[in-house]
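J.: Taken in order, these protein sequences are the chains called R and L. Oh and the first sequence: position 303 is 303 in the UniProt record's numbering, straight run, nothing missing. Oh and the second sequence: position 559 is 559 in the UniProt record's numbering, straight run, nothing missing.
Take these hints with a grain of salt, some might be off.
Unchecked claim - Under the rule of at most 30 Å between Cα atoms (straight-line distance), these lysine-lysine pairs were calculated in the DSSO-like manner:
1) Lys354/L / Lys425/L
2) Lys263/L / Lys280/R
3) Lys331/L / Lys136/R
No lab work stands behind these hints, which were simulated from the structure alone.
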Amino acid sequence: MAAMNRTVKFRKQRDALKSARAPLSSSASGSGIEMVSASLLGSRRSAYAPLSTEDPGPSSMDAFTVGLLPPDWVDYSEEVAANIQYAQYKMAELVKAHYKVLTPSFGEDSEEQHTIATLTHEITDLLRRSEKILQKFSADESSEDYNVRKNVQRSLATNLKNISVDLRRKQSTYMRILQQQIEGHDKVDLEMNLNDNKSRMEDDEFGDLGFNEHQMSELKKSVQFTEERERAIKQVVESFNELAQIMKDLSVLVIDQGTIVDRIDYNIQNVATSVEEGVKQLQKAERTQKKGGMVRCATILVIMCFVMLVLLILKEIL
Amino acid sequence: MVVVSAARDYINRMLQDISGMKVLILDSNTVSIVSVVYSQSELLQKEVFLVEMVESITMSRESMSHLKAVYFLRPTSENIQHLRRQLANPRFGEYHLFFSNILKDTQIHDLADSDEQEVVQQVQEFYADFVALDTFHFTLNIPSNHSYMIPAEVDLLNLRRFCDRVVDGISAIFLALKRRPIIRYQKTSDIAKKIAIETAKLMYQQESGLFDFRRTEVSPLLLVIDRRDDPVTPLLNQWTYQAMVHELIGIKDNKVDLRGMDKVPKDQQEVVLSSEQDSFFKSNMFENFGDIGMNIKRLVDEFQQYSESNQKIQTIEDMAKFVDNYPEYRKMHGNVSKHVTLVTEMSKIVEKRKLMLVSQTEQELACNGGQVAAFEAVTDLLNNESISDIDRIRLVMLYALRYEKESPVQLMQLFSKLARSAEYKTGLVQFLLKQAGVDKRTGDLFGNRDLLNIARNMARGLKGVENVYTQHQPLLFQTMESIIKGRLKDVDYPYVGNHFQQGRPQDVIIFIVGGTTYEESRSVALQNASNSGIRFILGGSVVLNSKRFLKDLEEAQRISRSSTAVV
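Go ahead and model the full structure; you've got the sequences and the hints to work with.
T.: If you want it as structure tokens, here you go:
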């Protein structure tokens, strides 16, 4: 893969040409004002290239961007990007929390469950909010800027979708393991009780068939445990449903890979045809407008003529 | 991954070093080059949020200084003009210019001259100047492909342009592979010789510094041959998947346009057929039509099973699983319906044009002897009303190529029968004979020149063939075999200059002036899969099907006729 960098040569030529041109153009422009505005804008520029980490370019470029604030969607995209990053960070925490709950421990893990619930909630909230912002992107459909916006929206949507899929997958595995644990727990409990009962029955045939105190407390504990787990599962399911909604909304925006929509040339063609369509529509609109104005003018003139005629006749008669 | 990955690497390198939001600006050539190897979603990942044509970017005045412009253009004078206009009134914050081939010094000067605002950040040459259709197959998509058949004295300007583009494309391939080849060409073809000599001049004299890579191994071989040496392959009906789609419907840059067909679902009007993205296509592109039918049935069954398992949603868990699998499901659904649509359309066409019948005779003409039987078969088909015009002329052409010398009388009879068809004139057959007749050809197209080949043919005839419809082997296959065995004759395929082959080459690039066919691309892919130790890469000025081949012939005939009228 050979490549050849011609930048140096280009720069040299450009500088040479510039110095040749310099005596001609130095008197042409008052560069003082430009410099001031450029330095003012210098700090701005870095803000509206949100995905860039590069330093602002040479000052001559800033002078060129005078008076051009970035469109507001740039801020939105920045916000969504930040949200995505934050969500990813939260995801990592969530994974840790899941791990803690699922490893068998003797302590209370309701606290962990609580953190899981809040974390999940936070992430879904972030996703939902980002998704809301994304909707704002396609507010009006004019100009070339629309395509840029749409593409930014798409790429962010793809990222969001990946996160939500990831979250869903994690939640579902978590839920599955949790459920297995409950089932296992119940089975063990039940068997234990049965065995207990059986042995007791053999021991003491005429004895009380009810549970003794020990069994009662055991049962209570297991009921409590089950309830807790169930609550956890409910929470997960809730978050699931929310996620499903988000997914649905996002899937409209995301491109299916390997299809014609994913082809670069197809997209260019589409843009070209839609622009052409637009021009045609505009021309049509112009035509009808013109026609409408003309007809109205003619009508008014005719009416005026009539009125004048009546006036004239009236004047003649009187 | 050879050609494809080379092009992809160039684009990756172009985009990854420039941070921030970008707009990619292409010309009509580089659009194809980029589209076949890169996808829209990959571009989005690289923060390219707008793709535009170089012509349309100058139309709008709206400023987008928050975007950085990445240009990837061929270094043509029109493109330079567009760029100059843009640089005089820049719309974007930064300009990064990439050119797909070697820039002239004057072009750099012109660009530097118009960059008064110093918005250009870099100027680079990235040699992705070829459309990488497949791992071992590239094309140049030259629109005026007929030029190669026109003698230099008739239309020098277009011939010049054609040659330049081919030389550019070939040199780009070698720059991308970082090799300098030994060059051979087909002796009987003027255009092949011209291209070979010009390429050698560029690589060994004008840009010898650029092409001076470390020479540790044996140099690769570049073989330039002429389409007219094997005019039979583009005239045959095809029965393997990829070739068949191209022959019957048409593939352009790995895209199939189905808009002309009736009853095509709305989302399937244009489909992508790329072995990179579609694993079913990758494993079936070289299979023959019958097997494809079976494999598609299997694919549909699989899909049915899959969708059934997705339909049983009773518990929350099922639901979760379904939502998880939904994207996969949708992708599979799209893919299955794509292939089903294609195969349905093709079998409709086969039915309508009676291609089973026609193709059998075609294959007989191309592969076996027996002039009397062949004449009868062709006459029968010409009398058959339901055979379309294009199939008739192809049959006569094949007959004429095969029995050019043996039976001029019978050929005249066929001509008179053909004269009734409206679309094509019999003059076209004579033009083909003039262009690609037996006197002009180098290779042993029908295997009847020397005793060895005749014997081999007879042996094959005794053995019988597996499939009547796919028994034809392109001439390229023989050429590749002789290269592997080191038996390509120096008399027929001479070297350019004094750079001779030492030892067996590991990479061989065969360039067919006038266009490749998918049948040949298949042949190359199969040869590479057989591990002979030599890797073949096939390239051509376009990818032909019979329609395109006939169109080129007509165009060339028209031009040379009008020129003789003037003279």
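J.: All the hints need checking, so say for each whether the structure fits it.
T.: Structure-based check of each hint:
For the hint pairing Lys354/L with Lys425/L, the CA-to-CA distance comes to about 22 Å; that is within 30 Å, so the pair holds. Distance restraint check for Lys263/L and Lys280/R: the Cα-Cα separation of roughly 29 Å lies within the 30 Å cut-off, and the hinted pair is therefore satisfied. A C-alpha spacing of about 28 Å is found between Lys331/L and Lys136/R, which places the hinted pair at or below 30 Å, so the restraint holds.
Hint violations for this structure: none, all hints satisfied.
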